[in-house]
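As you go down the protein sequences, you meet chains A and B in turn. Just so you know, we're using the numbering used here here: the first sequence kicks off at 40 and counts up by one. Just so you know, we're using the numbering used here here: the second sequence kicks off at 9 and counts up by one.
A couple of the hints might just be wrong.
Under the rule of at most 25 Å between Cα atoms (straight-line distance), these lysine-lysine pairs were calculated in the DSS-like manner [unchecked claim]:
#1 B:Lys15 to A:Lys45
#2 B:Lys51 to A:Lys114
#3 A:Lys42 to A:Lys115
#4 A:Lys42 to A:Lys114
#5 B:Lys51 to A:Lys42
#6 A:Lys42 to A:Lys143
#7 A:Lys143 to B:Lys32
#8 A:Lys143 to A:Lys45
#9 A:Lys45 to A:Lys115
#10 B:Lys15 to B:Lys51
#11 B:Lys51 to B:Lys32
#12 A:Lys45 to B:Lys32
#13 A:Lys73 to B:Lys32
#14 B:Lys32 to B:Lys15
Coverage of chain B stretches by chain A, computed from C-beta distances (three or more under 8 Å per stretch; other residues unrestricted) [as the list claims (entries may be wrong)]:
#15 20-26
#16 33-39
#17 63-73
Source of the hints: derived by calculation from the structure; they are not laboratory data. In this text, all values refer to a predicted model and were calculated from it rather than measured experimentally. Glycine residues also receive a C-beta, built at the ideal position from the N, C-alpha and C atoms.
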Amino acid sequence: MNKTQKSAWFGLVAGLLCFAVLGHVFVEIFIWKKLPEGFFGLLAYCLLLGGAFIFFRRKQSASEVESDERDDLIKKRAVIASFVSVWILLAGVTVIPRFVIGIKGSIPVWLLAFINLGVLLGVGLVYSVAVLVQYGWGSKDGEK
Amino acid sequence: MAKSEVKNQIRRLRFDNGEMTQQKLADATGVTRQTIIAIESGKYAPSLPLAFRIARTFGVGVEEVFEYGGEE
Chain A
40 MNKTQKSAWF
50 GLVAGLLCFA
60 VLGHVFVEIF
70 IWKKLPEGFF
80 GLLAYCLLLG
90 GAFIFFRRKQ
100 SASEVESDER
110 DDLIKKRAVI
120 ASFVSVWILL
130 AGVTVIPRFV
140 IGIKGSIPVW
150 LLAFINLGVL
160 LGVGLVYSVA
170 VLVQYGWGSK
180 DGEK
Chain B
9 MAKSEVKNQI
19 RRLRFDNGEM
29 TQQKLADATG
39 VTRQTIIAIE
49 SGKYAPSLPL
59 AFRIARTFGV
69 GVEEVFEYGG
79 EE
């Protein structure tokens with residue numbers, strides 16, 4: 040498993056955890072109408088994950104080839120996939136509220152921050168999944 | 009990644025060159041071992057510069073390593 044694959048796995052797990060945290064905060068604030076206990080703890084937890092991601096990306100060995108033309112091609116395709124997902128996710132979050140709260144309904148302004156954050160996380164997840172799919176989910180990939 | 013139309017003789021050439029490991033070939037050509045694995049198994053068609061580097065590592069011409077297997 041090379042660095043790009045490891046980063047993608049980390050991004051996938053961290054993204055899913057952040058989604059879980061975001062979902063929890065959303066339910067607490069929007070459904071139960073209260074600021075969740077340990078809200079700032081959860082926020083710090085998310086930031087910690089982001090920080091760990093930066094450390095994870097540090098070069099591990101001087102002689103190791105970290106990335107080559109195939110990795111670049113895989114990353115390029117993953118970027119295209121995540122770019123397409125931005126439009127799909129934004130279209131989704133624009134259309135879905137119309138069916139959930141009706142055409143004359145209204146949503147609180149702070150919900151926009153959640154939507155933006157959700158789309159951002161979604162795009163990150165799509166990128167990670169696109170990388171892993173192209174590598175064959177870290178399988179043997181023809182190793183013999 | 010889908011199977012490429014470029015066939016290769018890398019595995020045979022590795023064995024002909026003192027059972028060279030995939031890692032050694034990867035180090036010699038400046039790519040990761042995963043890329044050598046993908047090329048060897050026909051899942052990835054290398055760029056022209058990489059194809060030349062691989063051929064040069066084995067001391068043969070590029071046409072001895074790679075062969076176009078698509079429609080003529």
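Outcome of the hint check:
no. : hint                : verdict
1   : B:Lys15 to A:Lys45  : violated, 29 Å
2   : B:Lys51 to A:Lys114 : holds, 16 Å
3   : A:Lys42 to A:Lys115 : holds, 16 Å
4   : A:Lys42 to A:Lys114 : holds, 12 Å
5   : B:Lys51 to A:Lys42  : holds, 20 Å
6   : A:Lys42 to A:Lys143 : violated, 49 Å
7   : A:Lys143 to B:Lys32 : violated, 66 Å
8   : A:Lys143 to A:Lys45 : violated, 46 Å
9   : A:Lys45 to A:Lys115 : holds, 17 Å
10  : B:Lys15 to B:Lys51  : holds, 10 Å
11  : B:Lys51 to B:Lys32  : holds, 20 Å
12  : A:Lys45 to B:Lys32  : holds, 22 Å
13  : A:Lys73 to B:Lys32  : violated, 60 Å
14  : B:Lys32 to B:Lys15  : holds, 21 Å
15  : 20-26               : violated (count 0)
16  : 33-39               : holds (count 4)
17  : 63-73               : violated (count 0)
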